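Protein sequences appear in the order of chains P, S and G. Quick note: the first sequence uses numbering that gives the first Met the number 0, first residue 0, plus one each step. Quick note: the second sequence uses numbering that gives the first Met the number 0, first residue 0, plus one each step. Quick note: the third sequence uses numbering that gives the first Met the number 0, first residue 0, plus one each step.
To be clear, the hints were calculated from the coordinates, so they are not data collected in a lab. Quantities reported herein were computed from a predicted structural model and do not represent experimental measurements. C-beta: ideal position from N, C-alpha, C; glycine also. Careful, some of the hints might be misleading.
Unchecked claim - Listing some non-contacts, in silico: residues in chain P with all C-beta distances to chain S over 10 Å:
| hint | residue |
| --- | --- |
| 1 | Gly36 |
| 2 | Thr48 |
| 3 | Glu49 |
| 4 | Asn58 |
| 5 | Ile81 |
| 6 | Ile145 |
| 7 | Glu181 |
| 8 | Asp187 |
| 9 | Leu188 |
| 10 | Arg195 |
| 11 | Asp216 |
| 12 | Arg220 |
| 13 | Arg234 |
| 14 | Ser236 |
Unchecked claim - If you want the footprint, here are the derived chain P segments under chain S, 3+ residues with CB under 8 Å:
| hint | region |
| --- | --- |
| 15 | 108-118 |
| 16 | 129-140 |
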Amino acid sequence: MNHTDRSEGGPRPTAASPSTERRQTIVFDAVSVVREGRTVLDGLSLTLTERRIGIVGRNGSGKSTLLKSLIGLVAPTEGTIIVDGRDSITDARAIRAVTGFLFQNPDNQIVFPIVAEDLAFGLKNHGFDRAQTAARVDAALDRLDIRALGRRRIHELSGGEKQLVALAGVLALGPKTVLFDEPTSQLDLHNRNRFRAVLAAMPEQAVVVAHDLELLDDFDRVLVIDAGRIVADDRPSRALALYRERSA
Amino acid sequence: MIGGIGADGASPLHRLPAGSKLAGLAVIATALFFVDVPAVLAIAAVIGGAAMLSTGRAPARLARDLALPGLAVVLVGLADVLLVDAATALVAVLRLAALLFFAQAVTLTTSTGELADTLERALVPFDRLGLLDAPRVALTLTLAIRFVPLIGAEIAAIREAQAVRGLAGHPVALAVPLIVRILVRAEEIADAIDARGFPPPRGPGILADRAAPSPAVPSEDLPHDHP
Amino acid sequence: MTTRDIGLVALFAAVIVALGAVPAFPLAVLPVPITLQSLGVMLAGLVLGPKRGAAAPLVVIALVAIGLPVLAGGRGGLVVFAGPTAGFLIGWVPAAFVAGLLAMRLDRDGTPALVRALSAVRLNALTRPLARGGTGTVSRLLGLIAAALIGGVVVDYAFGIVWLAFAAKIGLAKAFYGSLAFIPGDIVKAVIAALVTLKVGDAYRLDRR
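So here's chain P without its partners, still in its complex pose (with noise of 0.2 Å):
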């Protein structure tokens, strides 16, 4: 395979370099989901740029969905979402080798017994070989500061240390964007607080679905979701005293 044909379109900056500025510009466009007769999407128009963005709604309103149809897991039933003019159906391929996706239960991403095989799955999934898969494991391990976990067995490790490998599987690929469906609601106090320092530190452009709202505090933008609807879409404290009042 000749893999310089991947750095046509520009350098890509590696998992183990985040100095340079990564974002997406994400477009719904009238987006409406229709899952088993039921509207978990209703007429979604939105643009979505800033690096720090925030969901929030109560069980059911769509949040998730909305996360998943970001990289064509969900189809729009009506409307296109467009990811830095890539459309999110067609272009499903290569709208997932820059965005990364956290899901909610670790378990349930890991797909290899041992914590460096399965940070090389992506990787291999998007065409890296062999030296690049083995540099990248590493440099994403480091960066994340659990290399002392890259030859233990998934199934004897903590739920925050399965957290940390499932970020690190997306990290290794060197996303422009990451996309987390409640990452801290399985995790301890300790491992809260850790996983806060580390998406703080990350350079990538984050969209996070979240019930734990201290972890919005400081972002950019926090929108509001209600049976599958925008009702609020402003800064973090506005949105969020808004959120709570919905919810009282």
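Based on the hints, put chains S and G in the right spot on chain P.
Relative to the frame of chain P, chains S and G by itself:
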């Protein structure tokens, strides 16, 4: 909980490629099936035993490895003695023992990784013919290995919860929640695997394809729940 | 095969393996302990349908072949295939396939005649809890039991007995009588598999393929 049986060592059998060992085993197994002469079978069993001992595994551990399959062989021998005659029993026991020894010798000298690689290579012709998809098969095996401990823990947790409700050991009370959880989990796993860019590109042209303005989308790239 | 199918097949294979480590529940009337692995095989067929159902035990067999101790009692490796009872293991694949195929046909509110005949029979303790579901539920249960029995018992034993007869050279009749002791346990498992599938179907829309 799950890990290979053997494989560490430097005996001549260890150095032989996994493919040759498996092919050799297949030839020996087929040949033994057509032999009915006790003396020939006895020689085969002795050679098999020697091959097994050459792996460097302690005889006591070998005895433990072979205890269960060995018991089945003994039972077959007993059945033959009681139902047919001693000569038939001798032939059956010698043949099965020889097979066991050769198979164990291969297992002890071949790592799980080597066997998995050999399996993947063996699948390639089928892949070319379009009968199956080697990366998908390999991923399925890997996922199964990954989820055994997790399912084991889930079974233990359900049994504990059911014990509180006085349903300990009731197989229906165990299996219903287990299977429902698995069906839900499979969807989340599928989303996560798709999100990580599976399946890998086929052939060297794919990277160039990606730079093209609007590449044709392979059907598996579509979301799995897309109608 | 979609990614979701891969997940389902892998998870059911993992269930078959994990059930090998569950302490067998002994039945007082039986001289042999029951391992739950063949219950996992029947469930794979009944819940997933023929193709994906057969793929799950096939994955387990592949794991055995690459030397992992995935069978009950920690057995694994090529040694297993050299043993006289390997036919029962190989038979898992057609067993799950047939169980799945029959489940697709029989898991429905069955023929009225069959239902009438059977609802006239006094329900035993096992099916009584289902009577509230009406005759439709009873006929579905009977259909699933038939699928599990024909696939999980008849087909699997056919493979196991033929293999045993040849490997041990004892003839089909003797291989058959030698295997009889295990059949009652497998019948119990077929009934359990059918009950479980019925209840799972209440909680989750099954889509057999």
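Interface exclusion of P:Ser236 relative to chain S, criterion Cβ beyond 10 Å: 32 Å, holds
Does the claim that P:Glu181 lies outside the interface with chain S hold up, using a Cβ gap greater than 10 Å? 13 Å, holds
Is the nearest CB of chain S more than 10 Å from the CB of P:Ile81? 13 Å, holds
Per the stated criterion, does the least C-beta distance between P:Arg220 and chain S lie above 10 Å, as a non-interface residue requires? 23 Å, holds
Over 10 Å to the closest beta carbon of chain S is the bar; see if P:Ile145 clears it. 18 Å, holds
The output says P:Thr48 does not contact chain S. Does that hold with a beta carbon cutoff of 10 Å? The claim stands: P:Thr48 keeps its Cβ more than 10 Å from every Cβ of chain S (closest is about 22 Å).
Classify the label on P:Gly36 as holds or violated, using whether its beta-carbon is more than 10 Å from each beta-carbon of chain S. For P:Gly36, whose nearest Cβ neighbour in chain S is about 13 Å away, the distance exceeds 10 Å, so it holds.
Was P:Asp187 rightly flagged as not at the interface, with every chain S Cβ beyond 10 Å? 18 Å, holds
Given as non-interface: P:Arg195, partner chain S, CB spacing beyond 10 Å: 23 Å, holds
With a Cβ-Cβ cutoff of 8 Å, does the region 108-118 of chain P contain at least three residues near chain S? This one holds; 5 residues, not fewer than the three required, reach chain S with a Cβ under 8 Å.
Just want to verify: P:Arg234 was marked as not at the interface with chain S; is every Cβ pair farther apart than 10 Å? Non-interface label stands for P:Arg234: nearest chain S Cβ at 29 Å, farther than 10 Å.
If we take the beta carbon of P:Leu188, is the closest beta carbon in chain S still more than 10 Å away? Non-interface label stands for P:Leu188: nearest chain S Cβ at 23 Å, farther than 10 Å.
Hint check: a violation occurs at hint 16 only; the rest are consistent with the structure.
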